[in-house]
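Use these hints to put chain B onto chain A, whose structure you have.
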Amino acid sequence: MVAVDASGATRVTKPKADNRQARTGWMLATPALVLMVLILLVPIILAGVLSFTNYSLGNSGFGWVGLQNYERLFARSTYEKMFVATFTYVVTVVPISVGLGLGAALLVHSLGRIGDIYKTIYFLPVMATLLAMAIAWEFMLHPTIGMVNRTLEMACGTWLEVIPFFAGGCADGFPIWLGDRDYAIWVVCFIGIWQGFGFNMVLFLAGLTSVHRELYHAAEMDGARSGWERFRLVTWPALGPTTVFVVTISCIRAFQVFDTIEAFWPQGGGPNKSAYVMMFAIFEKGIQQNLIGIGSAITMLFLLFVMFLTLIQRWLVERKVHY
Amino acid sequence: MTRDWWKHLVLILGAIIVLAPFYMMVSYSFKSPGEIDRGEGGFFGRQEMMIDPRCVALRQPGRADIEAARARFVGQDDASVQASLLAETEADCSMRPALFNYSKAFTEAPLVRYLLNGVAVTLSIFLIQSVVALPAAYALAKLNFWGRDAVFGLVLFCLLIPVHAIALPLYIGLAKLGLTNTYAALVVPWTISVFGIFLMRQFFMTVPDDLIDAARMDGMSELAIVWRVMLPTAIPALLAFAIFSVVAHWNDYFWPRIVVTGNRDLFTPPLGLREFKGDGDGSFFGPMMATATVIVTPLIVAFLLAQRRFIDGITLSGMK
Chain A
1 MVAVDASGAT RVTKPKADNR QARTGWMLAT PALVLMVLIL LVPIILAGVL SFTNYSLGNS
61 GFGWVGLQNY ERLFARSTYE KMFVATFTYV VTVVPISVGL GLGAALLVHS LGRIGDIYKT
121 IYFLPVMATL LAMAIAWEFM LHPTIGMVNR TLEMACGTWL EVIPFFAGGC ADGFPIWLGD
181 RDYAIWVVCF IGIWQGFGFN MVLFLAGLTS VHRELYHAAE MDGARSGWER FRLVTWPALG
241 PTTVFVVTIS CIRAFQVFDT IEAFWPQGGG PNKSAYVMMF AIFEKGIQQN LIGIGSAITM
301 LFLLFVMFLT LIQRWLVERK VHY
Chain B
1 MTRDWWKHLV LILGAIIVLA PFYMMVSYSF KSPGEIDRGE GGFFGRQEMM IDPRCVALRQ
61 PGRADIEAAR ARFVGQDDAS VQASLLAETE ADCSMRPALF NYSKAFTEAP LVRYLLNGVA
121 VTLSIFLIQS VVALPAAYAL AKLNFWGRDA VFGLVLFCLL IPVHAIALPL YIGLAKLGLT
181 NTYAALVVPW TISVFGIFLM RQFFMTVPDD LIDAARMDGM SELAIVWRVM LPTAIPALLA
241 FAIFSVVAHW NDYFWPRIVV TGNRDLFTPP LGLREFKGDG DGSFFGPMMA TATVIVTPLI
301 VAFLLAQRRF IDGITLSGMK
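Same order as they appear, the protein sequences are chains A and B. The first sequence: position 141 = 141 (full-length UniProt numbering), numbered continuously. The second sequence: position 31 = 31 (full-length UniProt numbering), numbered continuously.
Extracted from the complex, chain A is given alone in its bound form:
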């Protein structure tokens, strides 16, 4: 009875109610809208404009320099090192952390309840403050008193010495890791993988629980006997959307690597700038050296990469999610 009354009432007063709803709608959305524009959109425009100037904080005026900042980015060897370091990191960390995440998820999933203990352990680095763990890793990798080189030294005098790496290490000392430009970026990559693969594993586990058991039975009926066949025919296609998402989010996180680099090499970005990644370059050029123009140009390139990646992801998801 009440419901009938209610619908009657709304029908009579519809134009008025619509009007009121529109006003409250805008009223409720306005704070968020204003903040969105001020905090997210205006800075992008600002960075875009400043990337064509030689502005620095504290100066009253600035000059337009056209594309000079961008030209520098593609001409100077420092920035070449920046692109090399950033892409080395992304291209190494993304596939390995996604692969390990998937592998760990499949193993943990197949073990049932006992597997949960591994899930907990692998997720710990995701929760821990990365800066603190970076410092812990720095101690582990200390050339003389670090746990890593101490463990490697234990191999000296055993059959492991036939491996060239150990033979060289036992004779002339093991690598100094963070101080060696041949190792520095790979150590940073390793810590990125160490920190990120548990996150990917959890996303894959969520994807795996949604795969229907009947699909496996059906595949078995159709002659998919080996575990690999079942993975290829059922699991992998079903994980498609998850994989696309995991790869994208790993890429975006990898592009943003900063904490480890700053903790290891507060000035300089690694031996011979071998770990001079983009976020560190923005921090060093834009904030520390007050070269806002060049910092803004790096920011714009950075945004371009990240948005491009996300758009690819959305396109892929829309194209092939529907199985």
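It is possible that some hints are incorrect.
Residues of chain B placed beyond 12 angstroms of chain A at every Cβ, according to the derived structure [stated by the list, open to error]:
id : residue
1  : Pro53
2  : Leu58
3  : Arg72
4  : Ala87
5  : Leu99
6  : Ser124
7  : Arg148
8  : Val296
Just so you have them, the derived chain B footprint on chain A, three or more residues with Cβ under 8 angstroms [said to hold, decoys possible]:
id : segment
9  : 132 to 139
10 : 177 to 187
11 : 277 to 289
The hints are simulated quantities; they were obtained by calculation from the structure and are not laboratory data. Positions of the beta carbon are idealized from the N, C-alpha and C atoms, including for glycine.
Okay, now just chain B, sitting in the frame of chain A:
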């Protein structure tokens, strides 16, 4: 079980590598400098009494101390009085390494202040995010108004922007407003969470319209509906978002590093640890690892207590 042994082998090897730095961090936080240098003492160290060299150096007995103590050591010359005083000081200054490391962590730097700053900043960010996002999410999900699709389109576009990436222009804006080195600078850029809006909107879409109509019949204003009807139904989603937000901002280092320069009163825990590392000499590994342990522990403990909620919260972004 027997067929699965190789899986356990692989997973245990992985677990050892994952846990190694945690093991080392906690272990070093218990050990004396000597044990750390020589790499001995197992996990807890031997916990032998150790003498704090700085404490002794600060309390070196001077001329006046010797004169004052003469009454206690009758018939001894100055040198032996001084020696016995020094022995007393050393006894006063000796303690177990674990106690030494943790007490240094809290006394060398205002760690409690850093932790409180961390709590204050993280909680303010979450509260403001909720106050801004919930009404907007409700409007986008349940109210019909002209321009709604445009606003939602803007939300979807903003999801593409990582806030860390636009740190430089944000920093310039805050510097122009004279806001660097304030609590506001630590909080302001995070007050808008487009992800929060998106998430809560998706959740509100599933709330039945009847519930809202009934509340309107009772004469509730739209704002009251948001807080008294929608919020209670959204507690699980909001809790997941809270975990997502708190974990991200407690652990954040990049943004505080940019806007807080030098003013220790504003340091968040990661900044405090960074400074500890910057001015520490070799003998301070123990206290530094104690600081790191103190900073990492709260979230790890919370995670171990409520694993399912945490994993749901952190992987929220996977539900897009």
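For each hint, the structure was consulted:
Distance check for Pro53(B) against chain A: the nearest CB is about 19 angstroms away, which clears 12 angstroms, and the non-interface claim stands. Distance check on Leu58(B): its Cβ is at least 27 angstroms (rounded) from any Cβ of chain A, clearing the 12 angstroms threshold; non-interface status holds. Every beta carbon of chain A lies more than 12 angstroms from that of Arg72(B), the smallest distance being close to 43 angstroms; the non-interface claim holds. Separation of Ala87(B) from chain A is adequate, the least Cβ-Cβ distance of about 31 angstroms exceeding the 12 angstroms criterion.
With a cut of 12 angstroms on Cβ distances, Leu99(B) stays outside the contact zone with chain A, its closest approach being about 21 angstroms. Non-interface call for Ser124(B) relative to chain A: holds, since the shortest CB-CB distance, roughly 15 angstroms, exceeds 12 angstroms. Its closest Cβ contact with chain A, about 7 angstroms, brings Arg148(B) to no more than 12 angstroms, contrary to its assignment away from the interface. For Val296(B), the condition that its CB be more than 12 angstroms from all CB atoms of chain A is violated, with the nearest at approximately 5 angstroms.
Given a C-beta distance limit of less than 8 angstroms, the hint that chain B covers the segment 132 to 139 of chain A holds, as 6 residues qualify and 3 suffice. Under a criterion of three residues with beta carbons nearer than 8 angstroms to beta carbons of chain B, the stated coverage of the segment 177 to 187 of chain A fails, only 0 such residues being counted. Counting residues of the segment 277 to 289 of chain A whose C-beta lies closer than 8 angstroms to any C-beta of chain B gives 5; at least three are required, and the coverage claim holds.
Hint violations for this structure: numbers 7, 8 and 10, all remaining hints satisfied.
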